[in-house]
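Novice: Chain by chain, the residues run as shown.
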Amino acid sequence: MLLIRCPYCEEERPELEFRNAGEAHIARSANMAGESDDDFEKFFFIRSNPKGIIYERWRHMHGCARFFNAVRDTVTDKFVMTYKAGEPKPSKLPGAGK
Amino acid sequence: MSGAFRIPGAGRFKQAKTARFSFDGQSYTGIEGDTLASALLANGVHLVGRSFKYHRPRGILSAGAEEPNALVEIKRDAARKTPNVRATVQELYEGLDAQSQNRWPSLSFDLGAVSDVASPLLSAGFYYKTFMWPKAAWKSLYEPKIRAAAGLGVSPDKPDPDHYSSRYAHCDVLVLGGGAAGIAAALAAAETGVRVILADEQAEFGGSLRFESGAKIDGQDGFAWAQAAVAKLAAMDNVRVLPRTTAFGYYAQNFIGLVERVSDHLKAPGHDLARERLWQVRAKRVVLASGAIERHMVFADNDRPGIMLAGAARTYLNHYGVAVGRNVGVYTANDSAYAAAIDLKKAGVNVAAIVDLRDNPTGPVIDEARALGIEVNFGRAVIRAGGKLRVSSMTVQPKNGGGERTIAVDAILMSAGWTPSVHLFSQSRGKVAFNDETKRFVPGTYAQDCVSVGACNGTDGLSATVDEAYAAGAKAAKDAGAKAAKGNKPKVDASESWSRGMLGAAPGAGPDTTVKAFVDFQNDVTAKDIRQAVHEGMRSIEHVKRFTTNGMATDQGKTSNMHGLAIAAETLGKAIPEVGLTTFRAPYTPVTFGAIVSHARGPLFDPTRRTAIHPWAEAQGAVFEDVGQWKRAWYFPKAGEDMHAAVDRECVAVRKTAGLFDASTLGKIEVVGPDAAKFMELLYTNPWEKLEPGRCRYGIMLREDGFIYDDGVVGRLAPDRFHVTTTTGGAPRVMNHMEDYLQTEFPHLNVWLTSITEQWAVIAVQGPKSRDIIAPLVEGIDMSDEALPHMSVREGKICGVPTRLFRMSFTGERGFEVNVPADYGQAVWEALWAEGQKHGAAAYGTEAMHVLRAEKGYIIVGQDTDGTVTPNDAGLDWAVGKKKADFVGIRGMARPDLVAKGRKQLVGLKTKDPKVVLEEGAQIVEDPKQAIPMKMIGHVTSSYWSENCGRSIALALVAGGRERMGETLYVPMPDGVIEVEVTGMVFFDETGGRLNG
Chain A
2 MLLIRCPYCE EERPELEFRN AGEAHIARSA NMAGESDDDF EKFFFIRSNP
52 KGIIYERWRH MHGCARFFNA VRDTVTDKFV MTYKAGEPKP SKLPGAGK
Chain B
197 MSGAFRIPGA GRFKQAKTAR FSFDGQSYTG IEGDTLASAL LANGVHLVGR
247 SFKYHRPRGI LSAGAEEPNA LVEIKRDAAR KTPNVRATVQ ELYEGLDAQS
297 QNRWPSLSFD LGAVSDVASP LLSAGFYYKT FMWPKAAWKS LYEPKIRAAA
347 GLGVSPDKPD PDHYSSRYAH CDVLVLGGGA AGIAAALAAA ETGVRVILAD
397 EQAEFGGSLR FESGAKIDGQ DGFAWAQAAV AKLAAMDNVR VLPRTTAFGY
447 YAQNFIGLVE RVSDHLKAPG HDLARERLWQ VRAKRVVLAS GAIERHMVFA
497 DNDRPGIMLA GAARTYLNHY GVAVGRNVGV YTANDSAYAA AIDLKKAGVN
547 VAAIVDLRDN PTGPVIDEAR ALGIEVNFGR AVIRAGGKLR VSSMTVQPKN
597 GGGERTIAVD AILMSAGWTP SVHLFSQSRG KVAFNDETKR FVPGTYAQDC
647 VSVGACNGTD GLSATVDEAY AAGAKAAKDA GAKAAKGNKP KVDASESWSR
697 GMLGAAPGAG PDTTVKAFVD FQNDVTAKDI RQAVHEGMRS IEHVKRFTTN
747 GMATDQGKTS NMHGLAIAAE TLGKAIPEVG LTTFRAPYTP VTFGAIVSHA
797 RGPLFDPTRR TAIHPWAEAQ GAVFEDVGQW KRAWYFPKAG EDMHAAVDRE
847 CVAVRKTAGL FDASTLGKIE VVGPDAAKFM ELLYTNPWEK LEPGRCRYGI
897 MLREDGFIYD DGVVGRLAPD RFHVTTTTGG APRVMNHMED YLQTEFPHLN
947 VWLTSITEQW AVIAVQGPKS RDIIAPLVEG IDMSDEALPH MSVREGKICG
997 VPTRLFRMSF TGERGFEVNV PADYGQAVWE ALWAEGQKHG AAAYGTEAMH
1047 VLRAEKGYII VGQDTDGTVT PNDAGLDWAV GKKKADFVGI RGMARPDLVA
1097 KGRKQLVGLK TKDPKVVLEE GAQIVEDPKQ AIPMKMIGHV TSSYWSENCG
1147 RSIALALVAG GRERMGETLY VPMPDGVIEV EVTGMVFFDE TGGRLNG
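Here the protein sequences come in this chain order: A and B.
Reading the first sequence from the start, the letters are residues 2 to 99 in my numbering.
Reading the second sequence from the start, the letters are residues 197 to 1193 in my numbering.
Treat each hint with caution, since some may be false.
As the list claims (entries may be wrong) - Derived EDC-like pairs (lysine to aspartate or glutamate); straight-line CA-CA distance at most 16 angstroms:
#1 Lys277(B) / Asp293(B)
#2 Lys85(A) / Glu36(A)
#3 Lys85(A) / Asp293(B)
#4 Lys85(A) / Asp936(B)
#5 Lys635(B) / Glu774(B)
#6 Lys79(A) / Asp645(B)
#7 Lys271(B) / Asp353(B)
#8 Lys827(B) / Asp802(B)
#9 Lys43(A) / Glu1175(B)
#10 Lys271(B) / Asp358(B)
#11 Lys43(A) / Glu900(B)
#12 Lys85(A) / Glu935(B)
#13 Lys627(B) / Asp838(B)
#14 Lys277(B) / Glu400(B)
#15 Lys635(B) / Asp663(B)
#16 Lys480(B) / Glu13(A)
#17 Lys1078(B) / Asp802(B)
#18 Lys1108(B) / Glu1175(B)
#19 Lys1108(B) / Glu1122(B)
#20 Lys1100(B) / Glu1122(B)
#21 Lys271(B) / Asp293(B)
Claimed, not checked - Far from chain A, some chain B residues (derived; all Cβ distances over 10 angstroms):
#22 Asp433
#23 Ala448
#24 Asp468
#25 Phe789
#26 Glu814
Don't read these hints as lab results, they were simulated from the structure.
Quick caveat: nothing in here was measured; it's all calculated off a predicted structure.
Ideal Cβ placement from N, Cα and C applies to all residues, glycine included.
Using the sequences provided together with the hints, build the complete structure.
Specialist: Structure follows, in structure tokens:
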């Protein structure tokens, strides 16, 4: 069982308390009704599904109930870091090369 | 006497009490402290099972968890029958009742053994080839027959009466394996004061000290030192010592699963003790001290009972005081078997000969064997074993060919070398590295905070092991935050050391032969099978494994994997590391479902939710149905009524006078804050800004893809406060959906969301007399139609307690939903019920509720919709705000396919024969005479007998449904085609006058 750090609780908690909520940093358009079919397709259906680093949304469902973002390695399952919802995509990951 | 093969003066249980037990109905005597295996061997019993595929007679190979052959059924009573128990692990208790498996009619005469003769048909991958034709015969004939013929034990057929427990634990240093290495590491860590857990799968700690007669630590016999050290550890407050506990899985971030066998070794455990206990341990550091497992020699008929691992024979002698034979042969490729021969010889057992594959080995054990007068042969191989139910001879030949010589023996002790147990290390995702010199895989690159010590790390010799383990234990404690402590490192005075050995088939079982030289005993895989797999095109070791099933039995190839790999590599002409190991997976040894499930079964499997009014409904004899976790009153049968009679009566009562319905399970969410209306605008299709406080609206929630997600009536209590209701099953996901948008997409909105499902009990009072029933109990609310029109809400008091009184209807009648704090739910219900009795009101359940709403064409999300239905499909366009710039689903709803013609739309169906009630889920076609498969244009979503309409009614999703009004369609059923007419969705009171009736 993984330990996941909730950036709001500032604690590592067992994964049973959390729920994955899909890929992060997919912005909902401010002009949703005016989106083209192609743009809506990109927004709603297309996901990156990478081998390696993925940016995800998680919810501390059975804890503080907050949504937050996490950087996870899909190969090792390791959580690289977590950060609060609304914060920008980190430009540099801990442990990454200089 | 506890067995003819028990040697007086040998073993560690000299004062032990005897214990009677039975095997296949025959009564024997063992001693307390025995395993079933040692007790059987003490009685001269080697034949204990039949093999999986060929039904070959099998004996006891090992003295531990790696045992592939000696699997038995242990029976305590009719319900307590445990199959596939390893006799080498099962501790003996008075009265133990064991049965052999996979044989008929008896163990010594097994008709299934015909498959040994027919074995050319059953070679590697046979099920992919031999039984392929005719195709249909696989399912009906071959597979059932093969499954019946091959196999392990029989599953118990009664519910498990035992109970299991589980615990979580945290520690600084977790030491897995309680041999010399594990004990030394635990001592070093424990002396610093950090929290230590030491676990070992055996009943007694000591590991290989159980058989290493030459080991001396701190001036004591090795095993005695181990007992003293573990007693010292167990007495320390910061240490937990877990015997009979197997670490079966190493998971992410040092999370280890262990299973403790609490009472399987006891004669009469009683119900107070759990059978097993699951430990889920999170450790800062893990020390792996899992030891090594001896390999057998791969030669012809190496599976005859009486042929066993040399270390096992030594364990049976030195620990249990049992000689595995009176005239034993030894076949080895390394030094360790010599020690076994020497110990047995000294105990008075004749050692017929040692056959050593090596050319000119030297060393003290060889000298000692010779000095004891044992015949030692170098450069020779055992090319065949004689005997069937018990080995009777070994045939020896120079390894490069030459004259054969057959030596009579009653047991063969073999050793091809020792394989480090890297299972847990590998499960931790560490990468193993191949040491070419010693021909073994040892831990290479670590992936987690753990360290391997001793034999599992490829460290040879007791002295080096204890040094390494003690240092590792101290470092693990330091890494976990301990301060340095001054401890006493155990001092090894005498030790044994061996390494090397051989991998793969021995001479006489090479590629030019067709003999049955077993690699994997449990799955009956021979050296020839592995070569055949390579010849048939398997290149990857993973493919070879699956094609031959080598290493795929319940022992997971503990003795076979390295041999299998070496034979595959040789056949492929590649080096071993190029071919690579197969993946080690949890569990290390089989784990019972009971241990994993623990108490989470039966009523404790999932929470049961009951409403505040549940006890009343129960007292009235209500029949309940499960809706998610909720128990809901389904109908309230009176004496002599069946379900239909009860539902008909309830439905009529509601429309004639009134009915009371427990609607407490409806999901309820309070949306509060200055931006509450803005938030509602975004989450629901409807407009909310202009809804006046005190009024209600039916709301539809979509997902971003434009499909209906949930619905419910929403009351605006104040400009900044909405009381939202959801479907019963949808409450948690609607809350999640709202929170998701509020926290991540619309965080600028000043809104709070609170689940209030459990806080309010809800009593629906519906029917022409509903106001008359409620009014006398209400204070502070004007109940007139002018003051409280349909779709409005007021706060006030009922029976003296606060209420949110909704005027709304899910029946089409004048109706109210009385919300009161849940603690008052039953009291208010009883008061309303008493009032209702004056008017002839009935209590109605969920079935009547479904019928009544269907009579009015009100949909149920999840029944009449299925996640692919848009508001337009459901005829709910009127509930979508046309002027709104944004709401969740606004764009998805406009996708080309969702606005295309011919979509399935919700309509009503009337059967031509009003008495026929359609089946929900039934398919609808245009032309019943068309060829099968017919073109299905829709399906029935809801269907009931309506006593109020005097006929059956149904709702259905039909392609282009709204353009088919009056059309005749057909519902083909197994016993005939049903004619239906497409109608509107409202079957009763089409004008809706009764809402104010």
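Novice: Between the alpha carbons of Lys1078(B) and Asp802(B), is the straight-line distance 16 angstroms or under?
Specialist: violated, 43 angstroms
Novice: Over 10 angstroms from every CB of chain A: does Phe789(B) meet that, or does the non-interface label fail?
Specialist: holds, 19 angstroms
Novice: Against the 16 angstroms threshold, does the CA-CA distance of Lys85(A) and Glu36(A) hold or violate the hint?
Specialist: Distance of about 28 angstroms is beyond 16 angstroms: violated.
Novice: Holds or violated: Lys827(B) with Asp802(B), Cα cutoff 16 angstroms?
Specialist: Since the Cα atoms of Lys827(B) and Asp802(B) sit roughly 12 angstroms apart, the hinted pair holds (cutoff 16 angstroms).
Novice: Does Glu1175(B) sit within 16 angstroms of Lys1108(B), going by the straight-line distance between their CA atoms?
Specialist: holds, 6 angstroms
Novice: Given the hinted pair Lys277(B) and Asp293(B), is their Cα-Cα distance within 16 angstroms?
Specialist: Distance ~10 angstroms between Lys277(B) and Asp293(B) Cα, so the pair holds.
Novice: Taken at face value, is the distance from the CA of Glu13(A) to the CA of Lys480(B) at most 16 angstroms?
Specialist: holds, 13 angstroms
Novice: Taking only the CA atoms, is the gap from Lys271(B) to Asp358(B) under or equal to 16 angstroms?
Specialist: The given pair, whose Cα atoms are some 13 angstroms apart, holds under the 16 angstroms limit.
Novice: Taking 16 angstroms as the top limit, are the C-alpha atoms of Lys85(A) and Asp293(B) close enough?
Specialist: The hint is violated at about 60 angstroms.
Novice: Verify that the Cβ of Ala448(B) lies farther than 10 angstroms from every Cβ atom of chain A, and report whether the claim holds or is violated.
Specialist: Label violated. Min Cβ-Cβ 5 angstroms, cutoff 10 angstroms.
Novice: Holds or violated: Lys85(A) and Asp936(B), Cα atoms, limit 16 angstroms.
Specialist: holds, 13 angstroms
Novice: Non-interface claim for Asp468(B): all C-beta distances to chain A beyond 10 angstroms?
Specialist: Holds, since 29 angstroms exceeds 10 angstroms.
Hints 2, 3, 9, 13, 14, 15, 17 and 23, counting from the list given before, are not met by this structure.
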